[in-house]
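*Asks:* Taking the hints into account, I'd like the entire structure generated from these sequences.
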Amino acid sequence: MLRLLLARHGETKWNLEGRYQGQVDTELSDLGHTQGQKLGESLRAVPIDAVLASPLRRARETAEYCAKWHGLPVVADADLTEIAHGAWEGKLVAEVAHADGDRLTAWRIKPQTVTMPQGESLHDVARRVERALVRYRTQYDGKTLLVVAHDAVNKVALCRILGLDLSHFWQIQQDNGCVNVLTYDGGWRVLAVNVNTHLGYLYSQTEQKSL
0 MLRLLLARHG ETKWNLEGRY QGQVDTELSD LGHTQGQKLG ESLRAVPIDA VLASPLRRAR
60 ETAEYCAKWH GLPVVADADL TEIAHGAWEG KLVAEVAHAD GDRLTAWRIK PQTVTMPQGE
120 SLHDVARRVE RALVRYRTQY DGKTLLVVAH DAVNKVALCR ILGLDLSHFW QIQQDNGCVN
180 VLTYDGGWRV LAVNVNTHLG YLYSQTEQKS L
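Each residue of the sequence shown is one higher than the one before, starting from 0 at the first, in numbering that gives the first Met the number 0.
Take these hints with a grain of salt, some might be off.
What the hints assert, rightly or not - With a cut-off of at most 20 Å between alpha-carbon atoms, the simulated SDA-like pairs for lysine to any residue come out as follows: (1) K142 - Y183; (2) K109 - H122; (3) K37 - D174.
The hints are simulated quantities; they were obtained by calculation from the structure and are not laboratory data.
*Replies:* Put into structure tokens, the structure is as follows:
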């Protein structure tokens, strides 16, 4: 049986500002570092066998706060990279609304229909995520694996694991520094979603302005 701990990276300044990050390599904010530390401490007693993360700095740094308790390296997995927002990257939500309002409206209402300008669609992300999940099931069978990724990546993974169409994307919350607990033993089982109690609250009251 595979035990999968699927976490989201800590907060970045761009998360706080409501600025689209996508594949821009942003850094953790001060709060993001604290969230990473608390996530690591909460998993200190869990027997983790391997730690994987998106190659983007915000995910890697969060993973390092966890890996140090177990004496493990953080292995980069490109399939975990955040969705490419293309021309939206670096822009505030208000700026995107002004320049590309129809696409932004569609993204909020029917996200599965949207391809980012010069970027990816959720279906592109799903292909990467599905490939990773198949790999994990075989390569880490019988082990506990910590994966640190991103908002869109985690939501797409949970949609696929739960058998949901990508139209349900916005119905899943992934707060900065959260962890999801899943197992695979001939089929997926979801034990917990968007766990934040290690951060001192049940759920974040910070508006999720962008990805």
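*Asks:* All hints are to be evaluated individually against the structure, with a verdict given for each.
*Replies:* Each hint tested on the structure:
no.	hint	verdict
1	K142 - Y183	holds (10 Å)
2	K109 - H122	holds (13 Å)
3	K37 - D174	holds (14 Å)
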